[in-house]
Amino acid sequence: MALLSAAVLLLGCKGDVTTKNEGKEKLTIFTAASLNEVIKELSMAFQETNEVDIKLNLASSGTLARQIEQGAGADVYLSANLMWVRYLQELGRISENGLMEIAKNELVFIAPIDSELSSITFDQEIDISQFLKNNRLAIGDPAHVPAGIYGMQALQNLGWNEQAAGQLIYMTDVRAALTLVELGEAPLGIVYKTDAMKSEKVKIIGQIPSVFHDEIRIMAGQLSEKHLATEFIEFLSTDRAKGILSSFGFIL
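Residues are numbered in the numbering used here as their position in the sequence shown, beginning at 1, plus a constant of 4.
No lab work stands behind these hints, which were simulated from the structure alone. All values reported here derive from a predicted model rather than from experimental measurement. Do not rely on the hints blindly, as some may be mistaken.
Calculated pairs, DSS-like style, for lysine-lysine (alpha carbon to alpha carbon, straight line, at most 27 Å) [said to hold, decoys possible]:
#  : residue 1 : residue 2
1  : LYS205    : LYS137
2  : LYS59     : LYS207
3  : LYS137    : LYS197
4  : LYS202    : LYS28
5  : LYS246    : LYS197
6  : LYS44     : LYS59
7  : LYS28     : LYS108
8  : LYS230    : LYS202
9  : LYS246    : LYS137
10 : LYS108    : LYS59
11 : LYS44     : LYS197
12 : LYS30     : LYS205
13 : LYS44     : LYS137
14 : LYS207    : LYS30
15 : LYS28     : LYS44
16 : LYS137    : LYS30
17 : LYS197    : LYS207
18 : LYS59     : LYS202
19 : LYS246    : LYS30
20 : LYS197    : LYS30
21 : LYS108    : LYS205
22 : LYS205    : LYS28
23 : LYS108    : LYS202
24 : LYS30     : LYS59
25 : LYS44     : LYS30
26 : LYS28     : LYS207
27 : LYS246    : LYS59
28 : LYS246    : LYS230
Turn these sequences into a full structure, and let the hints steer you where they fit.
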């Protein structure tokens with residue numbers, strides 16, 4: 005991790021990251037918040053064979069897509085949802101040739117590590133209120149957070165959306181939902197499995213069967229004509245990149 009501190013610099017509270025070296029070519033990558041740790045490892049691996057300063061902008065996939073739509077300068081876009089990638093394609097920002105799936109993810113219910121709740125059953129005959137009681141369920145805002153979109157699909161397909169309607173708390177991104185459960189301010193949350201695996205403060209009480217939501221595809225889209233953007237997209241398909249993604253729990 006010493007290499008990480010020497011190679012990148014955190015800027016501000018929005019999650020921007022940039023390398024400290026001056027005079028090198030620049031590469032700006034807009035990245036879904038759920039890819040926070042893995043994109044830093046991928047960036048460092050890419051820098052081992054490329055003289056480049058990398059700046060990362062971390063937020064929900066939808067927030068990033070809106071920023072790109074409004075003219076924010078980005079060379080590569082990593083999204084946790086195909087819908088937002090297609091949205092940018094319709095705007096002419098990403099070509100079909102500049103698009104690639106790099107991994108898949110899974111969706112889980114989590115609870116604080118000391119919760120008495122140990123498991124949850126995904127059955128349309130079950131009322132989710134028996135798990136929630138009078139408490140809240142933390143979930144990404146489905147208006148722009150992919151994990152929230154997938155989570156709402158699951159709730160709707162299970163018939164739980166109306167039962168939980170008054171107890172849902174929408175968060176700015178999936179990491180915010182995770183944090184709320186970590187703090188014990190919500191007894192249940194819906195997040196990606198890769199996020200839950202990294203936390204020592206929550207436990208997975210159930211993996212949502214994929215039949216209840218769309219496939220969770222991690223997409224990479226090239227936004228600029230920079231040769232480094234092309235090379236980074238190509239790098240994501242290498243064995244080195246796949247090994248990093250797999251080490252963080254992503255499905256290849």
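Hints versus structure:
1. LYS205 x LYS137: Status holds; Cα separation ~21 Å.
2. LYS59 x LYS207: Roughly 32 Å between the alpha carbons, so the hint for LYS59 and LYS207 is violated.
3. LYS137 x LYS197: It holds: about 24 Å lies between the C-alpha atoms, which stays within 27 Å.
4. LYS202 x LYS28: 33 Å, violated
5. LYS246 x LYS197: Holds - the C-alpha atoms of LYS197 and LYS246 are around 18 Å apart, at most 27 Å.
6. LYS44 x LYS59: Measuring from Cα to Cα gives roughly 10 Å; hence the hint holds.
7. LYS28 x LYS108: Roughly 33 Å separates the two Cα atoms, so the pair is violated.
8. LYS230 x LYS202: 34 Å, violated
9. LYS246 x LYS137: Not satisfied, since the Cα-Cα distance of roughly 41 Å exceeds 27 Å.
10. LYS108 x LYS59: With a Cα-Cα distance of about 24 Å, the restraint between LYS108 and LYS59 holds, given a limit of 27 Å.
11. LYS44 x LYS197: 19 Å, holds
12. LYS30 x LYS205: Given that 27 Å is the threshold and the Cα spacing comes to 37 Å, the pair is violated.
13. LYS44 x LYS137: 39 Å, violated
14. LYS207 x LYS30: Answer violated: LYS207 to LYS30 is near 39 Å, above 27 Å.
15. LYS28 x LYS44: Cα-Cα ~18 Å, so holds.
16. LYS137 x LYS30: 51 Å, violated
17. LYS197 x LYS207: 10 Å, holds
18. LYS59 x LYS202: Cα-Cα ~23 Å, so holds.
19. LYS246 x LYS30: Cα-Cα ~24 Å, so holds.
20. LYS197 x LYS30: Outside the cut-off at roughly 32 Å; violated.
21. LYS108 x LYS205: 24 Å, holds
22. LYS205 x LYS28: Distance of about 40 Å is beyond 27 Å: violated.
23. LYS108 x LYS202: Holds: LYS108 and LYS202 sit about 17 Å apart, inside 27 Å.
24. LYS30 x LYS59: Measuring from Cα to Cα gives roughly 8 Å; hence the hint holds.
25. LYS44 x LYS30: With a Cα-Cα distance of about 15 Å, the restraint between LYS44 and LYS30 holds, given a limit of 27 Å.
26. LYS28 x LYS207: Given that 27 Å is the threshold and the Cα spacing comes to 43 Å, the pair is violated.
27. LYS246 x LYS59: Distance ~21 Å between LYS246 and LYS59 Cα, so the pair holds.
28. LYS246 x LYS230: 23 Å, holds
Checked against the numbered hints given earlier, this structure breaks hints 2, 4, 7, 8, 9, 12, 13, 14, 16, 20, 22, 26; the rest are met.
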